[in-house]
Structure formats: structure tokens, C-alpha cells
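> Chains as they are written, first to last, in this note's numbering: chain D, 1 to 81; chain S, 82 to 371.
In short, the hints are calculated from the structure, not lab data.
Built from N, CA and C at the ideal position, the CB exists for glycine as well.
Check each hint, because a few of them may be wrong.
What the hints assert, rightly or not - One-sided excerpt, in silico: chain D residues whose CB lies under 8 Å from chain S:
{"#": "1", "residue": "G41"}
{"#": "2", "residue": "L43"}
{"#": "3", "residue": "L62"}
As the list claims (entries may be wrong) - Derived DSSO-like pairs (lysine-lysine); straight-line CA-CA distance at most 27 Å:
{"#": "4", "chain 1": "S", "residue 1": "K147", "chain 2": "D", "residue 2": "K51"}
{"#": "5", "chain 1": "S", "residue 1": "K199", "chain 2": "S", "residue 2": "K266"}
{"#": "6", "chain 1": "S", "residue 1": "K266", "chain 2": "D", "residue 2": "K51"}
{"#": "7", "chain 1": "S", "residue 1": "K318", "chain 2": "D", "residue 2": "K51"}
{"#": "8", "chain 1": "S", "residue 1": "K318", "chain 2": "D", "residue 2": "K69"}
{"#": "9", "chain 1": "D", "residue 1": "K2", "chain 2": "D", "residue 2": "K51"}
{"#": "10", "chain 1": "D", "residue 1": "K14", "chain 2": "S", "residue 2": "K325"}
Read off the chains here:
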Amino acid sequence: MKNRSELIALFERKATEVAEREIKGVDESTVMSALGIDSLGMLELVGTMEKELGIHIPDDQLVGLTTIKDLIELIEERAAA
Amino acid sequence: MGDSRLAEKVYRAYATFFDQAEAERRWNPYRDVPWGEINREVSDDLILVAETFCAVESYLPDYVAKGINLVRKSFGQAWFAANWAYEESKHSIALQEYLVRSGRRTEEQMFDLQDRLKELEWKLPFETARQMTIYGCFQEMATFYIYVRQEARAQTEGDGALRTIFRLNARDEIAHTHFYEDVVKLLLEEDRAGTLADIALVTRGFRMPAADLVPEYDERVAVMREAGIDRDTFLQKVYFPVLKYLGVTRRELVEAAEADRKPRTAQPYRTGEIETWRTTTLGSPRRGKT
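Chain S on its own, in the form it takes in the complex (with noise of 0.2 Å):
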């Protein structure tokens, strides 16, 4: 199959994506949060969590710039980062929104932080669109389990305001999880050996992005697994059900992974593929989630 062809299957996805996002999935952080159901009480980690993610959807534009260049010639994947990027900007709101609404955090302190994040620049962790859109399929979908836990934690502590917010986050989080993995799945017809490769790769590279970047990270990373995810809950939540969809098993990733090792000096045929991709193909912008 050409790159045309895979183009043409790409942008079918991102169609699909979009008309459902249309009819099914769009939301007005102003209007679509019940506010008048914030609980002033919620506990110090709750409003930590939502601090963080805000902080982390700020480098929105950073992800965007970014991320767009690597695939503006695969139509479908820059229409989706256009998209991707609408959708990620609510989550930024309605956090920043529920902080100083709910009295928690002054718009002052919210400004103040965001200057802060601004001195640091987020830089894509992998260098290929196709590496890209893997990551963004364990990112995607460890932020989906992430707001869900905060979802249901929110509601045990009776704020019907943030409730709403992480579960249309999740809503969002977890579509963007589909596609990524729709697309990987295509790109695993068209060259499975090499879509492998890279997913090892990924797998060996893997960490959450903005760790570097957000202030106090280490704290609130430590108020993060408490309150929803560690280890061995990625494993189970994020990264085995996601090589399970993708139809990818472990001894093929090992294989992979060895192959790659052996002759990292010399790789001719990879190093064309890289370009290939770098140049023609497809990926996705990817951001910062905890």
C-alpha cells in the first residue's frame, strides 16, 4: 500500500473521529459545568490534580507548534491535531476556571503560574510522526484512566463541578486514544516490522512528558499516583489494553526491541524509513499529561 493509500485511511478515520466529536462529544466549558455544584471543602490533592493538568494543558501551544510540523502533509493527521488541539484548549479552561471559581486559587496565582510555565519549553520525547502517534496512544489513554479516577474521586467529594469536568475531559481523552490507535493500526498493515520497532522504541523511551517542565512536579507526581496511577496500574490500565487493541504482543515487541539493539550502529534500511516517515507520513501532536 502507498503512502496515498494510507493517507486516504488516515483521513477516513480522522472523518470519523470528527463527525462523531460533532454529533456526540462537544461541550461549553462556561456553560456545560454545572458551577453552581462546586464543593469549597474538596481536599488539597483534589485541587493539586486539577492544578497539575491545568498546568500541563498550558503548553498547549508548544504541543501544537510542534506537533502540527511533523504532520502537515498528511491531512488527515494535521486536521486531527487542529481538532485535538480545540479540544485540549477546554480542558485548560474549565481547570482554570474551577481553580478560581471555587475560590481555591486567585486568577493572580493562576496567571502567576502560567508565567512560570512559559519559561520552559516542551519538546517533542520522540522525533517521528509514527513514533509520535504511538506515544500518543499510552499518553492519550493514561490521561483518560487518570480524569476517570479523578472523576469518581471528585464525586466522593461531592463536587459536582469538577466531576463534570473530568469526565468530559476523560470523554475527549479517551477518543483521542481511538484514533491514535486506529492509526497505528494502519500503519502496522503497511509496515509492521518497522511499526514494531517503534513501538518498543517507545515503550523503552516512555515517560510522562512536562515532568521537567511543571513547578514542584515531584510533589504533585506523588499526589498523582496516590490518587489514581502508579506502575503497575499503567501496565494494566494503559499499556497492556492498548497492545491488546493494537493487536501487538510482547514476544513481538522483545523481538523488536533485540533487533534494534544488536546493529544500532548500522541500520540502513530504518534510517530510510525514519526519513520516510519524518517527510511523507503520519503522527500526531502529543502534550504533556500526567
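Only chain D is shown next, with the shape it has when bound in the complex (with noise of 0.2 Å):
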């Protein structure tokens, strides 16, 4: 499992070909509707990292998700589950 620079690197990556443009400075602290993403466009993004790390968010768990380190804490809950 990737530790949480990697993590942050991955969405810094995901983010950036989904919202086609150059997305970077992402820290835990992070706001992901601040990146101007809006939320289906973070489905798109959270589902492209799900694939890569091999791990299955259920839908009701993408609701509520506010910081990135929400979604990193997520995340590895999912991976260890």
C-alpha cells in the first residue's frame, strides 16, 4: 500500500488528467471542491484511484468527503479492509 506522499502524489496525477489541466500543491488540508472539481468530476477521480490501487469504495462511503486527507483516510481503511 502507498504511503500518504504517494497517495497525494496519485491524486495530484488523477486530478490533473481529469480535469485536464495541471493540478499540484495538494496537501491533507486540501479542500477537494477548492481544486475545482466538482463532485461527479470527484467521482470520475476517486474511481480512476480505486482502479489503480485495486480497492472498491462503496457509494455511500464517497458521500461526505470534504478534505483530502478524508479521502486518503478512506482510503487506507479500504485497502486494510
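Now that you have both chains on their own, put them together as the hints suggest.
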């Protein structure tokens, strides 16, 4: 399993692909909506991360994610499950 | 399955929809709303919600003109568009009647609002019939959910007239949602890869229409979110349920989006597909609602 820095790097790479513009400077406190990716775009982004990491996050757990930290903790939890 | 078979299935879906509408959902905004149960003291927020929906529904001529042209070659879809327009017109009439009869707006204010609305023109948010049908699923479902929430709110605030309007509108909206969903299911049967690509595209580009049309829209949206729907609610109550009904997973959509992103500059099969859709198959009008 990747560490948090690697997960953030993966997030930036996938966000750049989905948003089709460079996204960097992300840290755990970054609010996802502040990146200019709306909630539906975020679903696609999270989906690409799930695919790369080989995990599955249930739909209902994707609701309420605000910061990158929220997402990373969710990924870690699902990876450990 | 060829286009003619698909068209037959869509027409049957429309016939079922229309039969149920005639048997169970017809109502008259002047006669079936208990106008004597208006509470003139309901909150300003509730009035703003009613006015916003009235405004968004007022783009009906644009929705009809542009939407029906997209689907005019599909009998079932085109006739659905006509029926849809009839039902939506009642929503606008009922809300406008409410605003005036409640004394919270004057007729002059409502006509003024209508004039301001006409200065701008609604445009199709997506260009193909299939994309617009998919868009319709999400938009109608969102509208249904908001109306349901507002119905409860009107009940809490003791306004039987507005409660009834929201209830009747919501009942129409969910019927429209189911029709769109049934058509998208047929489209998935016909061309799963192409339809998934379009669902991914609509997902990516989805936004509440009329955001750039209705006056003071940002303030209205703030009230609407407070009153019933935010992004998480949209996912929970609208997006995921629609996907579930369609039998589509997020994983499939991610793969479709990835496939679309990589060769975006050269996709001969998709270009042809879209052209086919534009000229021969299904779709629906869509209107702005929040």
C-alpha cells in the first residue's frame, strides 16, 4: 500500500488527468472542491484511484468527503479491509 | 437490434407512460389545488423556492423548441416531449398562481420577471439526443427530490396549497424520470459502450441549467441548498439511485471516461455514432431546474 505522500502524488496525477489541467500543491488539508473539480468529477477521479490501487469504495462512503485527508483515510481503511 | 426495433421499444415505453399519465396523474392547476389553504405567512425562503421554480419553468418555450427538434424523428420521444411540455406548463402556472394568490408577489411583478427571463435564451447543455436523455434522468430526479423536500417544508409551514402544488409537481417529475430511465436502459441494450461513454460525459459536464439565466440565481441556489439539496444529497438521492436503476457501476463509467480521454482527438467510431444519434434516434427535451 502506498504511503500518504504517494497517495497525494497519485491524487495530483489523476486530478490532472480528469481536470485536463495541471493540479499540484495538494496536501492533506486541501479542500477537494477548491480544486475546481465538482462532486461528479471527483467521483471519476476517485474511481481512477480505486482502479489503480485495486480497491473498492462503496458509493455511500463517497458522500461527505471534504478534504484530501478524508479521502486518504478512506482509501487506507478500504485497503486494510 | 436496428433503429426501427429500438424506436418500437421506445414508443411502447411512451405508450405505457402516457396511459398511466391519463389514468392517474392528470390534474388542473386552477381546480385541484386547495387555494383556500394558502398560508400568507410562510417563510421568504419558501416563497423564493416557489418563485425560482416558476422562473426556471418559464423557459419552457426554449426547452420545447430545442428539445423536440432533437428527437423529432423518434415517434415515442417526440410525443413524450409534447406531453412533457404540457405537464411542465402546469407546474409553472400553478406556482405563478400561488405566488399571486398568496399576495407575496403581484401580477405586475410576475410579468416583470417573465420579461426579464425572456431576455436570455436557454441552450441545450448537450448536443445529442442520447446525451440529453441521460441528462434528463438526473435532472428530473433532482427536481423530484427538491419538490418532495419542499412539499414537506410547506406542510411544516402550514400551507396546504403550496404543499399540494409541490406534491403534484413531484409526482409528474418522477414519472418523467422513469420514462427517461427506461429509455436509457434501452439505449444501454442497444449500445452499451457508447451509452456508457455518454453517461460519463454527462456526469462530467452536469450542472443545473438556467444557472446563467435566472436573475439572482446564486442567491436562489444558496437558499435551495439550504432548503433541500446539496452535492452530497445529489449523489445520495439522485446520482447513485439512477445509476443503480440503470444497472451501471462507477467502475464502468471510469473506464468509459478514460477511454474517451485518451484518444479525444481521433475517435472515428464515436463521431459516427454521435451523428447517427443526432439524426435517427432518441432523446428528449430538457429544461433548467434546480
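> Taking the hints in turn, state whether each one holds.
Going down the list of hints, with the structure as the test:
{"no.": "1", "hint": "G41", "result": "6 Å, holds"}
{"no.": "2", "hint": "L43", "result": "6 Å, holds"}
{"no.": "3", "hint": "L62", "result": "7 Å, holds"}
{"no.": "4", "hint": "S:K147 to D:K51", "result": "39 Å, violated"}
{"no.": "5", "hint": "S:K199 to S:K266", "result": "36 Å, violated"}
{"no.": "6", "hint": "S:K266 to D:K51", "result": "25 Å, holds"}
{"no.": "7", "hint": "S:K318 to D:K51", "result": "25 Å, holds"}
{"no.": "8", "hint": "S:K318 to D:K69", "result": "25 Å, holds"}
{"no.": "9", "hint": "D:K2 to D:K51", "result": "14 Å, holds"}
{"no.": "10", "hint": "D:K14 to S:K325", "result": "25 Å, holds"}
Hint violations for this structure: numbers 4 and 5, all remaining hints satisfied.
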